[in-house]
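Got chain B; can you put chain Y on it based on the hints?
Read top to bottom, the protein sequences are chains B and Y.
Under the numbering used here, the letters of the first sequence match residues 4 to 463, in that order.
Under the numbering used here, the letters of the second sequence match residues 74 to 300, in that order.
It is possible that some hints are incorrect.
[Said to hold, decoys possible] Straight-line Cα separation of at most 25 Å, BS3-like style, residue types lysine-lysine; simulated pairs:
1) Y:Lys-159 - B:Lys-306
2) Y:Lys-175 - B:Lys-324
3) B:Lys-143 - B:Lys-154
Just so you know, the hints here were simulated from the structure itself, not pulled from any lab data.
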Amino acid sequence: MGIMIIIVETKKLWYGLISSLFFVILFNFLFIEPRYTFLISDKNYFVSILIFIIVSFIISSLTSRLQFHINTSLQNQSKMEMLYEMSNRLLYIHSVESIANYEMKNLQKYLNKKIIVFLQNKENNQSFGVENFINVEKYKDEINFCLNSSKICGYKENDFPDLSFKIFPLKSNKGNLGVLLVDCSTGNLTENERQFILTVLFHMDIALEREILSEEEQKIVVEMENEKFKTALLRSISHDIRSPLTSLSTGSSLLLDNFDKLDDETKKLILTDINTETLYLSAFVENLLNLTKIDSKNFVIQKKQEVIDDIVSEVVSRTSKKLGNKTLAVKGIEEILFVYGDAQLISQVLVNLVDNAIKHTRDNTKITLTYYQDDLYTWFEVSDNGGGIEKEKIAGIFDGLLEKKALNPDKNRRSGLGLSICKGIVEAHSGKIKAFNNDIGGMTVTFNLPLKKDREKKNE
Amino acid sequence: MSKIILVIEDDKIISKFLSVALKTNDYQYLQAESGIEGISLFMANNPDLILLDLGLPDIDGMEVLTQIRSQSEVPIIIISARGREKEKVGALDEGADDYLTKPFNIGELLARMRVALRKRNKPFDQSNVFAMKDLRIDFEKRKVFVSSEEIHLTPIEYKIMELLVEFQGKVLTHSFIQKKIWGYESIDDFQTLRVFMAAIRRKIETDTNNPQYILTEVGIGYRLNEE
Chain B
4 MGIMIIIVET KKLWYGLISS LFFVILFNFL FIEPRYTFLI SDKNYFVSIL IFIIVSFIIS
64 SLTSRLQFHI NTSLQNQSKM EMLYEMSNRL LYIHSVESIA NYEMKNLQKY LNKKIIVFLQ
124 NKENNQSFGV ENFINVEKYK DEINFCLNSS KICGYKENDF PDLSFKIFPL KSNKGNLGVL
184 LVDCSTGNLT ENERQFILTV LFHMDIALER EILSEEEQKI VVEMENEKFK TALLRSISHD
244 IRSPLTSLST GSSLLLDNFD KLDDETKKLI LTDINTETLY LSAFVENLLN LTKIDSKNFV
304 IQKKQEVIDD IVSEVVSRTS KKLGNKTLAV KGIEEILFVY GDAQLISQVL VNLVDNAIKH
364 TRDNTKITLT YYQDDLYTWF EVSDNGGGIE KEKIAGIFDG LLEKKALNPD KNRRSGLGLS
424 ICKGIVEAHS GKIKAFNNDI GGMTVTFNLP LKKDREKKNE
Chain Y
74 MSKIILVIED DKIISKFLSV ALKTNDYQYL QAESGIEGIS LFMANNPDLI LLDLGLPDID
134 GMEVLTQIRS QSEVPIIIIS ARGREKEKVG ALDEGADDYL TKPFNIGELL ARMRVALRKR
194 NKPFDQSNVF AMKDLRIDFE KRKVFVSSEE IHLTPIEYKI MELLVEFQGK VLTHSFIQKK
254 IWGYESIDDF QTLRVFMAAI RRKIETDTNN PQYILTEVGI GYRLNEE
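Chain B on its own, in the form it takes in the complex (with noise of 0.2 Å):
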């Protein structure tokens, strides 16, 4: 009984062994004749004390071995455990950066070693980790001969046993997505923990690829959405440049042919004409340059923080000369305040709306261009008074280009091109646009781009 308790007690085998022996002599010394002696007289009480030291071995081997099944049982319960939480859990991660993540802090947690996911794909490749034990990129060669072999690699086994660390491949049907790395300075992995990992590379296999999967239906989605604006675009521009072509065409012509002929003044009214054409058209171009600049796909907008006050002075110089008998303010605050965002291209958003507002409303009007922040957000706000837009327009006044069908393309010289580049500039930046009738009389467009996220800021 005693063996028993201690082999409960103490979990090891060796101590019950031990402890059988320390009874079987206390026994002897205690019960057998002569007692308080180890000499034993009858010749019977060595067999009954063999069979004791026998028993007692028995006793305690099986009392170990069943230590030993509970244990691992425990164990199994635990991984299993955990192994279904990561797994309910990944349900609801998105993103392939998240699912990375969270399992790479999970194994990590569970082997207490330090641990590396390195994802790749086309266009990047990203490591995640708490501590990078190791330059992934420097040890290009051994992971992709892992991805190709799908063999895991590395300390101690059958290829590159000489690294330090173990790399597991990380693969799905469609192809390699990663490895994940594990690092075996502090000892090497137990054919559990190896078994361990394997089960969460599964998991996490069909985790990424759902990912991945989702995200290429997502690319598909933008690129229709860009096609279509594209063709809207073309359609477009070939109008916008059209006109402004034959104007300079047929008024240079008739320069030309009737030199003689035309009094000064006719001239001079022609040249004006032709000198406004040009300005359009290179406001124009200026506006497709910019199209093209947020459109391309290799393109990232180049964030900066950049002093309003830089912003606002240069679409006050922009605008000022087409303003006629209208007038600009501008009401900001004494602070000096930063966006984020792409100088040129958030100049060429307020241009264009000061612009409109310009073109497209009574005389003598007054615009305001306005700025502010809050917690989140920079706001910008161009409003007039001017007469503002009829209610049905308002819903599609950044999708001009579509408008423009349904309008007589000859009667109408604006070009729907400055509202739409206006739209995908600020979504560019994460920001959000909208356009109402406003309170005193005319239009106001706003919008807002988002501020410099602290985590963004740590990163630099």
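Using the frame of chain B, we list chain Y on its own:
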């Protein structure tokens, strides 16, 4: 004697217009249609100013710029259809005096040319008093006045003002100002510089949204106004 202007431009129509504009404004006019020709004309004629197109048929305009700059301080104004800020900044940092993007108007070009030419004639004199509109800077006493009222500038703000005056009319890139004032590269995207510029503006401009003195070249740098 009229000034000699070398135009390195391969577009025939543009150079024709330029030649008319330059002749009517009393400049002597030399024309090169390629980079190599441009460099050799520069060597032979020692022009007073060079108008350089970056998109040339034989060698890159930037190459022409560096070659000429390595031998001479002659004012160079870049005329280019490449409108990207990066290229402008690149050209200015390589030593170009100014940058005009096509399409530009002739009036603007002539104004920039006058600035560049005057710079060459009149070296900056630190002991002078600088005056422009309501702004007055007394370099000897290190004092700045707006409408004869003294304005207090911090030492760095004053240094920036000094630099802007020294290169009045010329676009100074962010990195140029950064190096001249702080002596090291910016680690925060010139954010500090921008704040300083905004602060100076608040002190000397009456309307910061429509500045009279310090003009911003978005994405490139700053310029002290001419007139």
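Results of checking the hints against the structure:
1. Y:Lys-159 - B:Lys-306: Distance of about 14 Å is within 25 Å: holds.
2. Y:Lys-175 - B:Lys-324: The hint holds at about 19 Å.
3. B:Lys-143 - B:Lys-154: holds (15 Å)
In the structure shown, no violation is registered for any of the earlier numbered hints.
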